[in-house]
Amino acid sequence: MIYSSSVLSMVKLLEMEDSLKDNLESYVQVMQTKLDSIKLQATLGWEEPWFFPKLKISVEPKKGNALIWDNLNNAGDPDKLSKHVVCPVVMGSRWTIYKWINEQQQMLKRPCLA
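In my numbering, each number is its position in the sequence shown, counted from 1, plus 1325.
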């Protein structure tokens, strides 16, 4: 499922199999975005949705899925539409893995002197 707006270009739920690393790496190679957030759900039975209040949408993840969205606008500034919230854990625990994807290796570092 894909939702879009004028600035936030993607909120996408991807099915991940046992070969999670291979699937994710091949997907990342074809992505042409500046900086993406990837949240991988790594817990059993947790199905509370992520809410994007500015977009008025929610996405309910399932075990083994990944949620991917752009968090910068076309100018490279933080995208206010990417603000998201998740309901707090009442019982049990929740494990979330974050993976940041940079378009350029040194995008957030000093430029090379060479």
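Keep in mind the hints are simulated off the structure, nothing from the lab. In this text, a Cβ means the ideal position worked out from N, Cα and C, and glycines have one as well. Check the hints yourself; a few may be wrong.
[Stated by the list, open to error] In the DSS-like style, the derived pairs of lysine-lysine whose C-alpha atoms are separated by at most 27 Å in a straight line are:
| # | residue 1 | residue 2 |
| --- | --- | --- |
| 1 | K1405 | K1381 |
| 2 | K1381 | K1408 |
| 3 | K1408 | K1379 |
| 4 | K1405 | K1379 |
[Said to hold, decoys possible] Computed Cβ-Cβ distance ranges for the label pairs, DEER-style:
| # | residue 1 | residue 2 | range |
| --- | --- | --- | --- |
| 5 | K1379 | G1401 | 27 to 33 Å |
| 6 | P1378 | D1402 | 16 to 22 Å |
| 7 | A1400 | E1373 | 22 to 28 Å |
| 8 | D1402 | E1373 | 17 to 23 Å |
| 9 | K1405 | E1373 | 29 to 35 Å |
| 10 | E1373 | G1401 | 18 to 24 Å |
Which of the stated hints cannot be reconciled with the structure, identified by number in ascending sequence?
Structure breaks hints 5, 7, 8, 9 and 10.
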